[in-house]
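Heads up: the protein sequence lines correspond to chains A and B, in order.
For the working numbering, add 11 to where a residue sits in the first sequence, where the first one is 1.
For the working numbering, add 24 to where a residue sits in the second sequence, where the first one is 1.
Some hints here could point you the wrong way.
Stated by the list, open to error - Straight-line alpha carbon distances no greater than 30 angstroms define the calculated DSBU-like cross-link-like pairs of lysine-lysine that follow:
1. Lys-209/A - Lys-84/A
2. Lys-93/A - Lys-137/B
3. Lys-18/A - Lys-202/A
4. Lys-136/A - Lys-202/A
5. Lys-18/A - Lys-85/A
6. Lys-136/A - Lys-84/A
7. Lys-48/B - Lys-85/A
8. Lys-202/A - Lys-93/A
9. Lys-137/B - Lys-29/A
10. Lys-84/A - Lys-137/B
11. Lys-154/A - Lys-93/A
12. Lys-209/A - Lys-195/A
Simulated from the structure, these hints should not be mistaken for lab results.
These numbers come from a predicted model, not from an experiment.
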Amino acid sequence: MPILELKHVSKIYGAGTKALEDVSFAVEEGEFVSVIGPSGAGKSTLLRCINRLVDATQGAVFFDGEDVTGLDKKGLRRVRTKTGMIFQHYNLVERLSVMENVLHGRLGQKGTLAGMIGHYSEEEKVEAFAILEKLGLAEQAYKRCDELSGGQKQRVGIARAIMQRPRLILCDEPIASLDPSSSKVIMDQLKEINQTMKITCILNLHQVDVAMQYSERIIGITAGHVVYDGPASRLDQETIHQIYQSRSGALITDRAERAV
Amino acid sequence: MEKAQDQMEKQQGCAKGTPDFFRKRRRTDLLFAACVLGLFVFSSALTGFSLADGISSIPRALVWMGQNLIPDEQALTRLPKVLSRLYETAMLSVAVTVLAAVLAFLFSLAGSKTTGRGRLFPRLVRIVAAFFRNVPDVVWSILLMFSFGQNILTGFFALFFTTFGLLTRAFIETVDEVSASCVEALTSTGASFFPIVFQGVIPSAMSGLMTWILYMIETNIRSSTLIGILTGTGIGYLFDLYYKRLEYPTASLVVLSIVVLVLLIETISNRVRRAIL
Chain A
12 MPILELKHVS KIYGAGTKAL EDVSFAVEEG EFVSVIGPSG AGKSTLLRCI
62 NRLVDATQGA VFFDGEDVTG LDKKGLRRVR TKTGMIFQHY NLVERLSVME
112 NVLHGRLGQK GTLAGMIGHY SEEEKVEAFA ILEKLGLAEQ AYKRCDELSG
162 GQKQRVGIAR AIMQRPRLIL CDEPIASLDP SSSKVIMDQL KEINQTMKIT
212 CILNLHQVDV AMQYSERIIG ITAGHVVYDG PASRLDQETI HQIYQSRSGA
262 LITDRAERAV
Chain B
25 MEKAQDQMEK QQGCAKGTPD FFRKRRRTDL LFAACVLGLF VFSSALTGFS
75 LADGISSIPR ALVWMGQNLI PDEQALTRLP KVLSRLYETA MLSVAVTVLA
125 AVLAFLFSLA GSKTTGRGRL FPRLVRIVAA FFRNVPDVVW SILLMFSFGQ
175 NILTGFFALF FTTFGLLTRA FIETVDEVSA SCVEALTSTG ASFFPIVFQG
225 VIPSAMSGLM TWILYMIETN IRSSTLIGIL TGTGIGYLFD LYYKRLEYPT
275 ASLVVLSIVV LVLLIETISN RVRRAIL
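Just chain A, same shape as in the assembly:
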């Protein structure tokens, strides 16, 4: 059974803008899937429909065999604890320490009062520190997040997601604000999590070459429609141009290919 399945998902925003139209695909447990497409194609909306930060207008989203779109508040929170999310702008609480931000990953699994006062057990703290150590952030553990670099902040974002002990991690443009070397660190770590912890990863990416290098499977989206869904190895230049609706030679990846 696939861990995630989207069936005919459509999203129309208030003003009649169609962000997604009849999107269907399934993801097996342990997959590493990249979603590519031009800005405004609906990539972010797609990810947010999965954990219902955005409610789909039509269609159904099945997570672990359960229809997410029909869940009540409590059920939705339970599903969200099992799906981590990583953001382009990291979305940390910048004025708190790295450690506190990582522990935030457990907020969904706590009672209201314990969550309010930020009461965490000794085991949880040890676990958070171990995650930071693994991601190479042990020295930064008690620094405030606004003192960190972009790459370090994104690693805190990853640590927070892992702290949830999720089965699925949704990554919304995880490297779009990072320099090339930090981007590599982040992508390597995501891949590592995917392989050693068997956490399914779905990434929105702008960089086609990165998507092709890291993921086995790529989904291409144009104007709310899925126009490609298949292995990265079969994604040729023509399909890429179809996804980005561009002419040959208009993309940076064209030049990279010529150089090779």
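Go by the hints and put chain B onto chain A.
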């Protein structure tokens, strides 16, 4: 030769558009200045205000102030009384501001786009806040005088209402600006409303909220003077009393002590602000 000529022509071609642009800009500036001047002349004529008379009376005013507003010995004997009233006023302002801030924060959570629910309720909160804010505190105290009489409660509520209205509005903006991203992140971990507020919104917005609270304490000390004149309480009452008894030196001592207090509060709040940031 030809090349040089070509270049000359090109430069002239480029420059052709520029004089027009600057002439237009100058015309707009002149028009604006004329409008301001016209407005001044018009409103002066309407109210019978004469700039020349106004300026020429300044020296006389200064002489009067020099003769009457320097605190004398008699004024200084009243210093303890002034200070005790001043203390009372300052404490009232702090109490009002803190209480209004707590309530305003709760309301701002309901009125903010990131933490509020639905569309109707946030709008309702904004309207209520706008109502409390836009009735001046002096009007509030006159209205409240009917129900509470000349009482310290009247001043308390008058300040409370305007502070509440203003802080709600300011807090909504602070919360909106600062917390959208962390609210999204904490929501995606499955956290519920109150943990999100306490772990995400409050830490993110703290310095902004404190800045507003400290600013309102300063403002309230200033306004409470005026309200005190109306309600017969606090430092405002004392000022009114000496002023009407024609004891100008003492009245001026009251004013000076208020200025010193406000400066003191400002210094303290700057320190606090730096410590928080």
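Cross-check of the supplied hints:
no. : hint                  : result
1   : Lys-209/A - Lys-84/A  : 28 angstroms, holds
2   : Lys-93/A - Lys-137/B  : 26 angstroms, holds
3   : Lys-18/A - Lys-202/A  : 27 angstroms, holds
4   : Lys-136/A - Lys-202/A : 25 angstroms, holds
5   : Lys-18/A - Lys-85/A   : 23 angstroms, holds
6   : Lys-136/A - Lys-84/A  : 28 angstroms, holds
7   : Lys-48/B - Lys-85/A   : 63 angstroms, violated
8   : Lys-202/A - Lys-93/A  : 19 angstroms, holds
9   : Lys-137/B - Lys-29/A  : 23 angstroms, holds
10  : Lys-84/A - Lys-137/B  : 19 angstroms, holds
11  : Lys-154/A - Lys-93/A  : 28 angstroms, holds
12  : Lys-209/A - Lys-195/A : 20 angstroms, holds
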